[in-house]
Amino acid sequence: MGEAVSFKGNKDGIVLLLDCGVEFESLCQMIVQKLWQSRSFLGEHTTLVVNSGDVCLDGGQRLALKVLLQSLGHEVKYFLPEDSAAVLPKQPEETELTPSVQQAENWNMEALQAAVPAELADVAHYPANGALAVRKNVRSGQKISYDGTLIIFGDVNAGAELVATGHILVLGTLRGVAHAGCQGNKQAIVYATNLCSLQLRIADLIARAPDGESNERHVPELARIIDNYLVIEEV
Amino acid sequence: MGEVIVVTSGKGGVGKTTTAANIGTGLAAQGKRVVLMDTDIGLRNLDVVMGLENRIVYDIVDIAQGHCKLKQGMIKDKRFPELYLIPAAQTKDKTAVTEEQVRAICNELKQEADYIIVDCPAGIEQGFKNAIAGADRAIVVTNPEVSAVRDADRIIGLLEAHGLGNPQLVLNRVRPNMVRQGDMMSVDDILEILAIKLLGVIPDDDSIVISTNRGEPTVLDQQSRAGQAYRNIVKRILGEEVPLMNLEVEEGFFARLMKLFKGN
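Chain order of the listed sequences is A and B. Counting from 31, one number per residue, gives the positions in the first sequence under my numbering. Counting from 1072, one number per residue, gives the positions in the second sequence under my numbering.
Don't take every hint at face value.
[As the list claims (entries may be wrong)] Straight-line Cα separation of at most 30 Å, DSBU-like style, residue types lysine-lysine; simulated pairs:
1) Lys173/A x Lys1082/B
2) Lys166/A x Lys1082/B
3) Lys1103/B x Lys1140/B
[To be verified] Residues from chain B shown here face chain A by an in silico Cβ test under 8 Å; the list is partial:
4) Arg1174
5) Ala1175
6) Asp1224
7) Ile1264
[What the hints assert, rightly or not] DEER-style ranges, computed between Cβ atoms:
8) Asp88/A x Glu1311/B: 39 to 47 Å
9) Phe1325/B x Leu228/A: 39 to 47 Å
10) Asn81/A x Arg1174/B: 48 to 56 Å
Hint data in this document are derived by calculation from the structure and do not stem from the laboratory. Here the structure is a predicted model, which is why all the values come from computation and not from measurement. Just so you know, even glycine gets a beta-carbon here, dropped at the ideal spot from N, CA and C.
Next up, chain A with everything else stripped away, as it sits in the complex:
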């Protein structure tokens, strides 16, 4: 068997082979790592076929992977095995998901370090195409601001703050405040595998959780702007 994430070539190009015996969140983490390690081989803006073996990824997982790969500068051609049940529900347009900030060319490690507070100095970053991946729980009082897309592998607790000019993806529980597209990008999204934020912000819109309800639902949800309303939907 070997690695949970590996590459293979076929007639359609490069296939990303996934072993879905691994928990989805760790799998995403490994994908980011693998893509970063193979960046010279892959190059930029590569179109990938995602093959998850015998397991059929559900809509939410597919969307998460899609956004994840796009934030790292790659496109998904299609998923294997094909989902019989159907396509991703209410999936945003391709163009909508493209990060507004592309700063891959003149990547500056120092600028990246500056974006991360000293408290989180040991985060792992994968400076691929304007995405910052933080592999740790973000705790109360900690704030991460980033010019680009922010990916958190871990929980974001109440009292923590995430601010990004691009998308925000939390592969874990999001309880704190997230502000995507903070410089006015209305195409930005917030995705969390367990979205329990009391407040979400995208561009200049703010949504807050209904008063008095505090149940963690443990379903992946996606927040985005539709017709100038901040909409949160299950994916």
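The hints should help you fit chain B onto chain A, whose structure is shown.
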């Protein structure tokens, strides 16, 4: 070479001082050489909880500023020969000592003692920074309340930033019947948020109030359930594997009889 353990929480009133006193006393009861150090300058309490208030001559500020020798500032406990207390100063404030001074005291104590238990003040300002300056590991105390858990989360983040990763959690004042009714956060709820290792769970127990007022740490009271929980924590610190105790209180004969009559 001893180990410096800081007991901290962020929020006040969750039981830092009680926990520090009980862990320290419990370790001493196991034959360890222990120094308890109160860094809550201006609001000193550890001496009262230990029942040693009347013996204070010198305090941590005197030691830090060289007004007395370290040995002179260490108050010998009345119960155990190898348990000492370094009290905080009451008439000064947190700026009276520096992080370097605390670190120096800790390093000197480590030569002699097995465990140095540092009682940290509430808050995240200078007092907190002083308290953790010389620490090798940290114990975070919290209550099953949203505000206390939030503060604990903040503190864990700050501890990590200061190189004290993997702190251990003491969950204090748990009321099992409230948890059962869904009115209080459960141990699992809190662990899911804080994501650190659990050192122990202390049930809410009236005997704590009594023992604190008397200056007798609960850990020595064989009848007390909180005391049992602290004894378990002490064993875990010493490396023993002790299962979490059953927090449910045994119902008395009368309570069972009443239940029978009520028909449930």
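**Request:** Give me the numbers of the hints this structure contradicts, sorted from smallest to largest.
**Result:** Of the numbered hints, 4 and 5 do not hold.
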